[in-house]
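Asker: Okay, here's what each chain looks like letter by letter:
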Amino acid sequence: MKSDRTLIILGVILLALVVAGPLLPQWAMFLATIAIAKGLVALGLLLQLRAGLVSFGQALYYCIGAYSAGSLGRFFGIGDMLLQMLTGCIMAALVAYILGFLLARYRGIFYGLLSLALSMILYGLLVKSEALGSTDGINILPSTVFGIRPEQAWVRYAVLVAGCAVAFIATLLVDRYLKTPLGQLAPAIKDNEIRVEYMGASVRDAIHVKYVIAAALSGIGGALAATTVGHIDPDMAYWTTSGEFIFITILAGTNSVVAPFLGAAIFGIIHTVAFDISPNTWQMTLGIALLLVIVFLPDGLWSLFTRRKAA
Amino acid sequence: MAVVLDARDLSKRFGAVTAAMNVSAAIEQDSVVGLIGTNGAGKTTFINMITGYIKPDTGSIHYRGRDITALSPREVTRIGICRSFQIPQLYSSLSVFENMMVGLGVVLRNAGLGGFFSRGQPNVPGHDAPAEDVAERILQRFGLSDYRNKNAQVLPGGVRKLLDIALTMVAKPAILLLDEPTSGVSAEEKFGMMEMVMAAVKAEGATVLFVEHDMEVVSRFAERVLAFYDGRIIADAAPEIALSDPEVKRYVVGGELRRMDEREGAANA
Amino acid sequence: MEEILTVIVDGIFYSAWLFVAAIGLTLIYGVMKIVNLTHGSFYALGAYAAASLTGAWIARGYPPMLSYAVLLGSAVIVTLVFAPLIERGVLRFMYTKDEVVILLITYALFLILEDVIKLIWGVDPYFIAEPYGLLGSFEIGGLTHPTYNLILVGIAIVAGVGLTLLLRGTRFGKLLRTVIHDPEVSRAMGINVDRFYLVTFTFGSMLAAVGGAFTAPTVSVVPGIGVEIVVLSFAVIVIGGMGSLPGAALGAVIVGLVRSAAIHYAPAVELFVIYFVMALVLAFRPRGLFSLAEPRKI
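Chains as they are written, first to last, in the numbering used here: chain P, 12 to 322; chain W, 878 to 1146; chain X, 10 to 307.
Hints were generated in silico from the structure; no laboratory data involved. Certain hints may be false.
For each label pair, taking beta carbons as the anchor points, the in silico distance ranges come out as [to be verified]:
(1) W:Pro999 with P:Trp38: 46 to 54 Å
(2) X:Asp107 with P:Arg116: 37 to 45 Å
(3) P:Trp38 with X:Val132: 22 to 30 Å
(4) X:Leu174 with P:Leu308: 43 to 51 Å
(5) X:Val231 with P:Phe307: 32 to 40 Å
(6) X:Val132 with P:Val29: 37 to 45 Å
Even glycine gets a Cβ: it sits at the ideal position worked out from N, Cα and C.
Model the full assembly from the supplied sequences, consistent with the hints where possible.
Answerer: Dropping the structure here:
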C-alpha cells in the first residue's frame, strides 16, 4: 500500500540522519531536530484536519510539552531526554483529555477560535508566572539519556537520534491508528456527520480521541524542541507559533503521515535561508509561499509526489 | 405476529406547527408498512422520532419491549433500527466502496473488532465475512458494483438513493425505515428499484417501513398502510382499504385515484 | 469608591480603543463572512502612517491642533492605498473557497504586510507624542487622565452611531443588509455585490487604521504592534457576536472593564482573563451574546 512505501521512505531518511549525524555540522543537526519536533506537531494537526477541524491553538500543547520538560529540570533536577518527552506527552494528553470534552462540541471557525483562546490563556498565565520564569522563560538542563550524560560535543547528536527514533515510532503508531475504523472516520466526519451518527458511531468521541492524540504528539514535539533549543518561553504558546504549525501543515498537505515532516523541513529551510538573506522579508517569503500553495497546490506539496506516481 | 416496534401516542410541536399529534402504531415483525401523506403531514417527523433525531413532547417508543424514546440516532442504529434519507446522506469525497467500508468499520468497532490492537481481517458480525467481501456483496445486491470506485459526488440521482439504502444494510438492521426510497427516480424505474431494494432487504429478514408518494408502488409492495395528515394518522389498514378510505382520498391521494375510480365507474356503466 | 471610579474610567477608555479597533473586523465578517487577519496589518499601517505624516507635519511647524486631522487623514490615505489592492488583487478570487481557507489566505497577507511595513518604515521605533500631550489632562476622582483619551471615546461613539445610522437609515445601508443576508440572491437582483465587498473591506480596514493612527501618539510605534490587536479584536467580537455591531460594543465594554478591573485588583490575571472570557463565551454561547436563534439543519 501507498502508506507503507512512504513509511519506508521516512524510515530511510531518519536512518540516514542518524548515520550521517556525526558528520553533520551542529547547525544542521539542530535544524533537523527542530524539523522533527515541529513535524510531530503538524502530524497532530493533520489528524484533526482530516476530520475537517483546524486548530488555531495547537501551540498550547507544544508549549505544555516544552514547559513540562523544563519543569522536570527546574523543579526535579531531571534532564533525561526520554523522560522529558514522555512527560511532555502525558501532560499534554491529560490537558487535552479534559479540554476535549469542551472542544469536541465545536466545528469550523469556532473550533479554531476556541483552541486559539485556550492557547492564549496559557500564554497569559505563563507571562505572569514568576515561578515559571515569565517572559524570560527557563533554561533546560543539559540532556542525559537513560541517566548517562553524553559529552558536550555529542549532546546534539544524542538529541537528534532520540528525536528520530521517537518520530518514527510515533508516525508508525499514527499510521496504524489511521487504518482502524475510528481513524477512517475522519473524512466521513468531514463530509457528513449526520450519516456517521446514523451509522452508529459517535462523532464527538472520535473527535475527542483525535484531539488527545494530536495533543500528545504536540507535547512530544514541544519537549523535543525545548531540549534542542535549551530554552523555553511563553512565546511558544503565542498564536503566531500556532500559525507556524498551520503553515507547515498546509504546505505539506494531509495526504500522508510523512508529509508533515517534509513540510517542517522545508519550513525550516525557508526560514533559515530567507532570514539569512534578508531578516526583514522572511515573513513575506512565508506569506507568499503560503498563498502560492493554497492557490495552486491545495493538497500541499506532497501532492506533487502522488501526481508523479500516478503519471 | 409479534409486535416489534410500538409507537404510543407520540406528539411533537415546533412552535405553532403540530408535526405529530397522538401518533400510535404497532408494527409487527417482518411486515412491510407504507407511510403515505402529503408533504408536511408528519411522516419524516415520525421517522425522526423513532430514530431519536427528535424527541417527542409526549408519548413513547418501544422496541422489542424496551423503551427507546430517549436514545440517540447512534444508539438506535446500534440496536437494529436503521434509516435511509429523503436526500441521500453520503460521504461525498469518498468512493462508493469506501462509503460502504466506513460503515462496516463502524459495525466492527461497535463489536470491539478491528481496532488498534487487532490483527488480520475479522468477520463482520451478522454477515460472517470480512468487511471487503460484505461490501462487495451488498453493492452487488443493489446493482452498484459498476460504480464501486466512483466518487459519491458524481453519482446520478437514482444511484445515490441506492447507495444511501445500501449503507443502511451494513449494520444488519432488524427494522428498516426508508424515507422516500424512490423519489427522484423516474416513473418507469420506480418499480424496478423497489423490487431490487425489497429483495435485498427481505433477504436479510428485516421489517420495513417506507415513505412513498406513488400509490401504485404502495399498493404493490406494502402489506399495511399508515396514512398521515396534519400530524395525525388518519388511516391504518391494508392498502386496498386504506387507499379507498374517503378521508385518505381527500387529504392524501388527491385526484389520481379518484380518476381511476371514475374510469372504473365509466367502464362499469 | 475612588478606585472603582478609576477602574470604570480606565475601562471606558480601553473599551473605546477596543471598539474602534474591533468594529472593522466585525463589519467585514458580517458582510463578507470572512475572518480577516489583515486587520492587524491595517492597524499597524495606520499607526505608522500617522507617525510619519504627523511627525512631518509637526516638524514643519504646521499648526499642532490640526495634527488630529492629520492622524485621521493618514489612516484614510494609507487604507485607500492598500485595501483596494488587497481586495481586488487577491481576495476577490477567493470568495468561493472555504471560510477557513480564506482565513489562512488573510494570514498569509498579514505576514506579507508585516514585512512590507518594515520595508517602508524600517525597524526603528517612531514617536509622536505631541498630539497626546497637547490637550492636557483632566481629573476624575483625584486621578488625572490625559484629555487625549477622550478623543478615542469620541471616535468610538461617532463610528458606532454613524455605522448604525448608515445601516438603518440609508439606501446604501439597506442594500448592504440584503447583501449580508444573501449575496447570491442580491446578485440575481442586480446589486453589484463585488462593489459592496470592496467598499466594506476598505471601510472596515480604514476603521482599524484609524484605531492604529490614534494609538500612535500614546506608544512607540514598532514592528509587531499589529500582532496583539488581532487576537484582542477577535476576543471582543466573539464575545459580542461576530458580525454584530452592538455586539462589538458590548464585547468592547466587557473586555475593557474586565481588563481594567484585573489590572487594578489582580494584575496576575490581566493577560489571560480576556481570553478566558472569550473561551467562556465560546463554550456557552458560541454565537456571542447578541445572537439570533439558529435554524435546524434537517
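Asker: State for each hint whether it applies.
Answerer: Status of the hints after comparison with the structure:
1. A beta carbon spacing of about 50 Å between Pro999 of chain W and Trp38 of chain P agrees with the range 46 to 54 Å that was offered as a hint.
2. Roughly 21 Å separates the CB atoms of Asp107 of chain X and Arg116 of chain P, a value that falls outside the hinted 37 to 45 Å.
3. In this structure the hint that Trp38 of chain P and Val132 of chain X lie 22 to 30 Å apart at CB holds, the actual value being about 25 Å.
4. In this structure the hint that Leu174 of chain X and Leu308 of chain P lie 43 to 51 Å apart at CB holds, the actual value being about 46 Å.
5. At about 35 Å, the beta-carbon gap between Val231 of chain X and Phe307 of chain P stays in the expected band of 32 to 40 Å.
6. Separated by about 40 Å at the C-beta atoms, Val132 of chain X and Val29 of chain P satisfy the suggested range of 37 to 45 Å.
Consistency note: the structure conflicts with earlier hint 2 alone.
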